[in-house]
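Sequences and hints are given; from them, build the entire structure.
Those protein sequences? They're chains A and B, same order as listed. What the first sequence shows, in the UniProt record's numbering, is residues 1 to 270, in sequence order. What the second sequence shows, in the UniProt record's numbering, is residues 1 to 250, in sequence order.
Since the hints were derived computationally from the structure, they do not count as laboratory data. One should not assume that every hint holds.
[To be verified] Some but not every residue of chain A turned toward chain B, in silico, with C-beta under 7 Å:
1. PRO90
2. ASP100
3. ALA102
4. TRP106
[As the list claims (entries may be wrong)] In silico SDA-like pairs for lysine to any residue, Cα to Cα no more than 20 Å straight-line:
5. B:LYS164 x A:TRP106
6. A:LYS118 x B:PHE160
7. B:LYS187 x B:ALA232
8. A:LYS118 x B:SER147
9. A:LYS124 x B:LYS164
10. B:LYS240 x B:ASN143
11. A:LYS122 x B:LYS164
12. A:LYS26 x A:PRO74
13. B:LYS240 x A:ALA107
14. B:LYS85 x B:GLU150
15. B:LYS164 x A:GLN120
16. B:LYS240 x A:TYR147
17. A:LYS122 x B:ARG162
[As the list claims (entries may be wrong)] From the derived model, a few chain A residues whose C-beta atoms are all more than 12 Å from chain B:
18. SER58
19. ASP141
20. LYS201
Note that this is a predicted model, so its numbers are computed, not measured. Where a beta carbon is used, it is the ideal one built from N, C-alpha and C, also for glycine.
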Amino acid sequence: MKIATAEFIQNGAQPVTGANKIIEVKNVSKVYGTEVVALKDINLDFEAGQLTSLLGPSGCGKTTLLKIIAGLLPATQGDILVNGKKVTAPGPERAFVFQDFALLPWATVLDNAAFGLKMQGKPKAERDDIANHYVKEVGLDGFQKSYPHQLSGGMRQRVGLARALSVNADVLLMDEPFSAVDEQTRRKFQEDLIRLREVEKKTFIFVTHSIEEAVYVSDRIILLSPRPGRVSEIIDPDIPSDIGPDELRRNEVYLETVENIWHGIKKYVD
Amino acid sequence: MTLYGRKIPKMASLVVWLIIWEIVGQLDLLMLFPPFSSVLMAMGEVVTARSFNEALWITASSYALGMGLALVVGITMGILMGLFKPIDNMLNMWVNVFLSAPLSALVPIFMILFGLGTPTVVVTVFMFAVWIIVLDTRAGVQNISPSLMEMSHSFGANRFERAKIVLLAALPEILAGIRLGLVRGVKGVVIGQLLVSIIGVGALFALYQQNFLMSHFWALIVLLFTFALTMADLIGRLEKRIEYYAHVRS
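Here it is, written out as structure tokens:
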């Protein structure tokens, strides 16, 4: 194996790191009804400033875990700690980006982006100002007055992203944000996400079912196995950060990490 | 529609039907069918008659009152049914029963309960219009994408804001319900007044029929039809303006 520092850590063990933990998942289990165990004994730390992917085949509970972290779903057991404090509901330090965008169809791009700020009670001038900044940052300058139905899927997700960035949360929770956009847009989006990360210095937790996407954008990949959802491996891809996106897709470390994850995941796919 | 490359306005088919009506009427086959021209002439008489203006006022006010009640009760009930499963379980069956029940048969009961006057007509309008509004509103609320509600929750929307989102997100279906309700309400007001038969348009219908004033009778029907269709069309236009909703909801 040529992956120099990739660590493969077994079942639920804690990665040894010195960085500050912004989110801790402690013994979290989720049972739907009485039978379906979606998550079992999940223990994870998420480091500040990193982009961590939750990767796994469908049914592994990755979206469930993300929604529990977001406070949108209650955990059956265990705790979520954000900056050391236990949380059970959504909070301003976490912002969510939805798979189906979840935009208000009757509101303009700017109003959609400003939604979170409006809910926080910020005055109109101020929230429009902030939202406008992020609408530009995600590359939608000139579309402020457009309505969601006038935009393509990729552009709609950019609005969703601007909305999440506007509230200035520490953590961005992204639930398969690019799965509903076409492949070309998706690639562009992934590149933008990497650039955005460098500018915004936020913590990202990113749910995806695409191995390539996870390896491409992540500092750390958490591989979940299905039925019941457990942490099966934690992978830190060690891909040189100074190479461009096109070079990267041909990079040997990148390709081998993808290959390794696929071998780990294959047995769970029916 | 185009004919020989020329665009024909939508109302053109109506003109054809009116010509057929005129011809059948002129043939003098049935006393029940006077030619359209005499209906038109009678319409002038009907509209200027004092009895018509009084009838119109009574009819319009009971219609407005019944519709107002139906809107408030229907939308509230529909939203509650859409949001809360137990309420839906309790009411859904009854809403469907009343929607398909022959409500005209209930009007005599309303007469016993509310007397031979405007209250009975108001209740009839209400009963005709409310159920479709309930059902459409309920469908609209149930169609709201769960992620929109999760979104408002995760960005910290309070109860008031969330209620606003529910209402706006369900608006296309609510408006469709209102449009159908308005048309049903016109049926309700006419049937109510016909059965009570001593007030409003119902009294006029009875008067014209008993005196074999068929031209007047048809004139009144044409007027009521026009009213009902105009109302439905106005709401239809409003619906078109917010049609874009549907594109983004999936």
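Evaluation of the provided hints:
Checking A:PRO90 against chain B by beta carbon gives a least distance of about 4 Å; that is within 7 Å, so the hint holds. A hinted interface residue such as A:ASP100 counts as satisfied when its beta carbon comes closer than 7 Å to some beta carbon of chain B; here the least separation is about 5 Å, so the hint holds. Satisfaction of the interface hint for A:ALA102 is found here, the shortest Cβ-Cβ separation to chain B being roughly 4 Å, below the 7 Å cut-off. A hinted interface residue such as A:TRP106 counts as satisfied when its beta carbon comes closer than 7 Å to some beta carbon of chain B; here the least separation is about 5 Å, so the hint holds.
Taking the CA atoms of B:LYS164 and A:TRP106, the gap is about 12 Å. The hint holds against a cut of 20 Å. Under the criterion of a C-alpha separation no larger than 20 Å, the hint pairing A:LYS118 with B:PHE160 is consistent with the structure, at around 13 Å. The hinted pair formed by B:LYS187 and B:ALA232 meets the criterion: a straight-line CA distance of about 13 Å does not exceed 20 Å. With a C-alpha separation of about 19 Å, the suggested pair A:LYS118 and B:SER147 falls inside the 20 Å cut-off, and the hint holds.
For the hint linking A:LYS124 to B:LYS164, the alpha-carbon distance of about 18 Å falls within 20 Å, and the restraint holds. Between B:LYS240 and B:ASN143 the CA atoms are separated by roughly 19 Å; this keeps the pair inside 20 Å, and the hint holds. The straight-line distance between the Cα atoms of A:LYS122 and B:LYS164 is roughly 18 Å, inside the 20 Å bound, and the hint therefore holds. Proximity of A:LYS26 to A:PRO74 is assessed by CA-CA distance (about 13 Å); at most 20 Å being required, the pair is judged to hold.
Only pairs whose Cα atoms come within 20 Å are accepted, and B:LYS240 paired with A:ALA107 is accepted, the gap being roughly 17 Å. Between B:LYS85 and B:GLU150 the CA atoms are separated by roughly 18 Å; this keeps the pair inside 20 Å, and the hint holds. Using a Cα cut-off of 20 Å, the hinted pair B:LYS164 and A:GLN120 holds, with the two alpha carbons roughly 16 Å apart. A hinted pair counts as satisfied when its Cα atoms are at most 20 Å apart, and B:LYS240 with A:TYR147 qualifies at roughly 16 Å.
Proximity of A:LYS122 to B:ARG162 is assessed by CA-CA distance (about 17 Å); at most 20 Å being required, the pair is judged to hold. Residue-level check passed: A:SER58 sits 17 Å from the nearest beta carbon of chain B, beyond 12 Å. With 12 Å as the threshold on Cβ separation, the claim that A:ASP141 sits away from chain B holds: the shortest Cβ distance comes to roughly 22 Å. Every CB of chain B lies more than 12 Å from the CB of A:LYS201, the least distance being 21 Å, so the non-interface label holds.
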